[in-house]
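Protein sequences appear in the order of chains A and B. Each residue of the first sequence is one higher than the one before, starting from 1 at the first, in our numbering. Each residue of the second sequence is one higher than the one before, starting from 1 at the first, in our numbering.
Heads up, some of the hints might be wrong.
Since copy identity is lost for identical chains, a pair holds within one copy or between any two.
Stated by the list, open to error - Listed below are the simulated EDC-like cross-link pairs for lysine to aspartate or glutamate, each with C-alpha atoms no more than 20 Å apart in a straight line:
| hint | residue 1 | residue 2 |
| --- | --- | --- |
| 1 | Lys318 | Glu183 |
| 2 | Lys12 | Asp307 |
| 3 | Lys318 | Asp37 |
| 4 | Lys165 | Asp49 |
| 5 | Lys185 | Asp37 |
| 6 | Lys185 | Glu222 |
| 7 | Lys318 | Asp211 |
| 8 | Lys318 | Asp289 |
| 9 | Lys329 | Glu18 |
In short, the hints are calculated from the structure, not lab data.
2 protein chains.
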Amino acid sequence: MMAPAAINLGVKLHVLAEADDVSVTTAARYTVGDYTDYDTLAAFADTVDVVTFDHEHVPTQHLQRLQDAGVPLAPGPGALVYAQDKLVMRRKMAELGLPQPNWRAVSSVDELLAAAQDIGYPVVLKTPRGGYDGKGVWVLNSPKEAQEAEVWFNGDHEALLVEAKVNFRSELSAQIARSTTGETKAYPVVETIQTDGVADIVKAPAPALKDETAHSAQQAAETIANSIGVTGMLAVELFHTPETAAGFMINELAMRPHNTGHWTQDGALTSQFEQHVRAVLGLPLGATDPIAPYTVMKNYLGAENHDLYGAFPAAMRKYPHAKIHAYGKSVRPGRKIGHVNVLATNGDLDAALAAAIDAAEIIRHGRTDS
Amino acid sequence: MMAPAAINLGVKLHVLAEADDVSVTTAARYTVGDYTDYDTLAAFADTVDVVTFDHEHVPTQHLQRLQDAGVPLAPGPGALVYAQDKLVMRRKMAELGLPQPNWRAVSSVDELLAAAQDIGYPVVLKTPRGGYDGKGVWVLNSPKEAQEAEVWFNGDHEALLVEAKVNFRSELSAQIARSTTGETKAYPVVETIQTDGVADIVKAPAPALKDETAHSAQQAAETIANSIGVTGMLAVELFHTPETAAGFMINELAMRPHNTGHWTQDGALTSQFEQHVRAVLGLPLGATDPIAPYTVMKNYLGAENHDLYGAFPAAMRKYPHAKIHAYGKSVRPGRKIGHVNVLATNGDLDAALAAAIDAAEIIRHGRTDS
Numbered sequence: 001m002m003a004p005a006a007i008n009l010g011v012k013l014h015v016l017a018e019a020d021d022v023s024v025t026t027a028a029r030y031t032v033g034d035y036t037d038y039d040t041l042a043a044f045a046d047t048v049d050v051v052t053f054d055h056e057h058v059p060t061q062h063l064q065r066l067q068d069a070g071v072p073l074a075p076g077p078g079a080l081v082y083a084q085d086k087l088v089m090r091r092k093m094a095e096l097g098l099p100q101p102n103w104r105a106v107s108s109v110d111e112l113l114a115a116a117q118d119i120g121y122p123v124v125l126k127t128p129r130g131g132y133d134g135k136g137v138w139v140l141n142s143p144k145e146a147q148e149a150e151v152w153f154n155g156d157h158e159a160l161l162v163e164a165k166v167n168f169r170s171e172l173s174a175q176i177a178r179s180t181t182g183e184t185k186a187y188p189v190v191e192t193i194q195t196d197g198v199a200d201i202v203k204a205p206a207p208a209l210k211d212e213t214a215h216s217a218q219q220a221a222e223t224i225a226n227s228i229g230v231t232g233m234l235a236v237e238l239f240h241t242p243e244t245a246a247g248f249m250i251n252e253l254a255m256r257p258h259n260t261g262h263w264t265q266d267g268a269l270t271s272q273f274e275q276h277v278r279a280v281l282g283l284p285l286g287a288t289d290p291i292a293p294y295t296v297m298k299n300y301l302g303a304e305n306h307d308l309y310g311a312f313p314a315a316m317r318k319y320p321h322a323k324i325h326a327y328g329k330s331v332r333p334g335r336k337i338g339h340v341n342v343l344a345t346n347g348d349l350d351a352a353l354a355a356a357i358d359a360a361e362i363i364r365h366g367r368t369d370s
Numbered sequence: 001m002m003a004p005a006a007i008n009l010g011v012k013l014h015v016l017a018e019a020d021d022v023s024v025t026t027a028a029r030y031t032v033g034d035y036t037d038y039d040t041l042a043a044f045a046d047t048v049d050v051v052t053f054d055h056e057h058v059p060t061q062h063l064q065r066l067q068d069a070g071v072p073l074a075p076g077p078g079a080l081v082y083a084q085d086k087l088v089m090r091r092k093m094a095e096l097g098l099p100q101p102n103w104r105a106v107s108s109v110d111e112l113l114a115a116a117q118d119i120g121y122p123v124v125l126k127t128p129r130g131g132y133d134g135k136g137v138w139v140l141n142s143p144k145e146a147q148e149a150e151v152w153f154n155g156d157h158e159a160l161l162v163e164a165k166v167n168f169r170s171e172l173s174a175q176i177a178r179s180t181t182g183e184t185k186a187y188p189v190v191e192t193i194q195t196d197g198v199a200d201i202v203k204a205p206a207p208a209l210k211d212e213t214a215h216s217a218q219q220a221a222e223t224i225a226n227s228i229g230v231t232g233m234l235a236v237e238l239f240h241t242p243e244t245a246a247g248f249m250i251n252e253l254a255m256r257p258h259n260t261g262h263w264t265q266d267g268a269l270t271s272q273f274e275q276h277v278r279a280v281l282g283l284p285l286g287a288t289d290p291i292a293p294y295t296v297m298k299n300y301l302g303a304e305n306h307d308l309y310g311a312f313p314a315a316m317r318k319y320p321h322a323k324i325h326a327y328g329k330s331v332r333p334g335r336k337i338g339h340v341n342v343l344a345t346n347g348d349l350d351a352a353l354a355a356a357i358d359a360a361e362i363i364r365h366g367r368t369d370s
């Protein structure tokens with residue numbers, strides 16, 4: 001999704017893609033290769049002026065080695081590690097004094113049991129690395145369930161992260177861009193509705209959020225971006241906890257254009273993708289103003305309909321205002337394959353939400369009846 | 001510029017490009033070839049589901065032959081000829097009873113002199129084919145000047161078009177999309193300011209236009225689109241003549257996404273490029289509502305600054321709200337190499353216009369002082 005932004009600015013992209021990656025169908029230039037192989041990365045880096053990312057799974061040690069070899073990385077490994085490793089992130093948030101759930105690093109079931117007792121059940125056990133979209137996350141409701149987590153202490157990780165399961169009112173995302181020049185620009189804080197660990201719906205801006213809390217979440221995002229030296233887009237995923245002093249707690253970080261920012265493609269003056277391109281090239285950042293009172297984003301995941309294109313007419317006919325995005329990926333159950341944005345230009349959030357959900361469901365299930 | 005729209009919809013583009021064409025840097029798949037060579041066209045057509053165009057210079061006889069061979073063309077040669085041949089177009093507008101300047105087909109200087117006498121000087125002499133951006137157009141103010149036009153009657157054209165030089169208040173453009181299914185959707189009528197034959201500035205919607213005239217121009221565009229069977233985007237370029245009954249006269253037709261519609265990339269719910277893709281694929285058309293009270297488009301043509309990218313920081317820093325578009329073309333004096341869109345979200349057209357002009361000039365001249 002960075003390609004349209006790059007094309008509009010006349011910037012050339014070269015994509016290192018997995019074989020079954022959508023980028024192959026959309027970027028001017030691509031190389032198919034394994035991002036966990038150092039030599040592949042180094043050869044690719046030789047062909048570009050700056051390297052950036054659309055996921056966080058490139059091994060930190062490879063990034064460090066590339067950086068030591070003089071390759072401009074945006075963000076660099078020193079920043080990216082906070083999105084790659086949840087324990088490193090928790091330690092940093094604590095150091096910055098930012099609000100977060102009670103947490104511990106645990107290396108054995110005994111340590112887990114002691115920590116969970118201290119934190120109070122239910123707790124959430126997480127692998128520090130490799131988890132995303134709800135993977136690598138285990139909710140433990142009792143010592144009995146904690147005992148069953150023994151299988152996770154298998155030597156893949158030095159320690160696991162255990163933290164309080166926060167009783168939140170909703171989930172939020174505070175996105176900020178930080179340029180290589182140090183300039184930052186925050187987007188409005190949005191509400192995200194997670195389904196099976198995926199940000200399924202986004203309401204932008206978050207409709208039931210105090211200005212004070214939104215502002216303070218944006219400030220937290222700026223503190224993080226500056227402290228860890230982010231370049232590009234940073235998403236700070238938050239729990240909305242109005243009963244706490246700050247009103248929010250930090251959940252996770254993502255250091256790239258993020259699912260919770262897809263609404264900006266149609267709903268903000270500068271999309272997160274254009275902003276990311278600007279930031280990693282050291283260009284001045286664009287205005288982040290929303291275009292409509294509200295914009296809604298609804299994902300569609302792979303389901304029984306494999307002919308998405310065949311379902312477009314029904315969705316487009318019913319919702320001429322909907323902005324339908326398809327990633328050109330093959331359909332697999334549960335895979336993120338597209339999303340729908342709807343602008344509530346008249347301020348009617350509920351109507352926009354209903355339209356986005358229905359349009360996405362028409363495509364997902366191949367409905368032609370509407 | 002169709003590429004971002006196609007990418008967002010998950011539609012694959014294959015571009016037949018000239019060697020020095022921007023498409024080469026932006027489309028997933030391209031073939032470099034000569035669009036005036038039938039075999040090149042036929043081989044290219046074999047690789048795609050539907051063929052469309054971003055200019056009107058593919059020879060009509062080649063298009064006819066491709067169509068006869070069963071290649072889906074959108075638009076087809078039967079429609080495209082009205083954008084390719086100004087005499088054919090004038091005859092059709094007359095047949096449809098649509099308002100246009102007084103005109104004649106002339107095959108010799110003697111016929112030209114008689115027609116100009118009849119129409120009244122000044123007149124405009126045009127080659128029916130091959131002219132664009134002010135090329136192939138000659139304003140004649142007197143019989144003496146008409147006499148000098150003898151050189152144009154050189155056998156390249158069976159006849160030339162001579163027409164009244166209209167004393168217009170402004171120039172307008174009425175864009176409409178028509179799908180292969182026959183569905184049409186009109187965009188707001190815009191005002192265009194032409195410089196040296198190029199639509200240099202667009203104000204959308206046209207600020208000093210009666211609703212009645214705008215509506216009637218949209219109806220004329222719909223009549224044309226349906227009568228000649230357009231598929232894709234049609235731009236009807238108009239003279240605004242408030243003293244006439246209709247309030248406008250038809251100048252020219254363009255049958256593709258058009259310079260006067262670039263404002264829609266950022267200023268309308270559905271851009272002309274997405275609309276064109278939808279139309280040629282037979283998908284339902286998108287809403288054409290403007291996003292802001294006004295949007296301004298300002299072209300930048302090639303000038304002394306060849307390092308456009310180097311000028312981006314100054315323009316972006318001064319105008320974080322400006323949407324800068326660069327075509328990735330090499331800079332040649334007078335060549336269209338990019339444009340700037342500015343949304344007047346607060347309704348202040350003059351401020352948006354000033355910002356768009358200044359941002360474009362910073363890039364064009366490589367100013368870094370601001």
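Worksheet item: How would you classify lysine 318 and aspartate 289 at a CA-CA limit of 20 Å: within, between, both, or neither?
Response: Result: close only across copies, 16 Å inter versus 28 Å intra.
Item to complete: If the cutoff is 20 Å on CA atoms, where do lysine 318 and aspartate 37 land: within, between, both or neither? Let me know, please.
Response: neither (47 Å within a copy, 42 Å between copies)
Worksheet item: When no copy is specified for lysine 12 and aspartate 307, does a C-alpha distance of 20 Å or less occur within a copy, between copies, both, or neither?
Response: Intra 31 Å, inter 15 Å, cutoff 20 Å: inter-copy only.
Worksheet item: Between the shortest in-copy and the shortest cross-copy C-alpha distance, which are at most 20 Å for lysine 185 and aspartate 37: within, between, both, or neither?
Response: Neither. Shortest intra-copy (34 Å) and inter-copy (51 Å) distances fail the 20 Å Cα cut-off.
Worksheet item: At most 20 Å between C-alpha atoms: does lysine 185 with glutamate 222 qualify within a copy, between copies, both, or neither?
Response: within (8 Å within a copy, 44 Å between copies)
Practice prompt. Tell me, please, which holds for lysine 329 and glutamate 18 at an alpha-carbon limit of 20 Å: within, between, both or neither?
Written response: Only inside one copy: lysine 329 and glutamate 18 sit 12 Å apart there, 30 Å across copies, limit 20 Å.
Discussion item. My question is about lysine 318 and aspartate 211: at a cut-off of 20 Å on alpha-carbon distance, are they close within one copy, between copies, both, or neither?
Written reply: Answer is neither: 35 Å inside a copy and 28 Å across each miss the 20 Å cutoff.
Worksheet item: Given a CA cutoff of 20 Å, do lysine 318 and glutamate 183 count as a within-copy pair, a between-copy pair, both, or neither?
Response: Cα proximity of lysine 318 and glutamate 183: across copies only (14 Å, versus 42 Å in one copy).
Worksheet item: Between lysine 165 and aspartate 49, at a C-alpha cutoff of 20 Å, which is it: within one copy, between copies, both, or neither?
Response: neither (43 Å within a copy, 52 Å between copies)
Hints 3, 4, 5, 7 from the earlier list are contradicted by this structure; the remaining hints agree with it.
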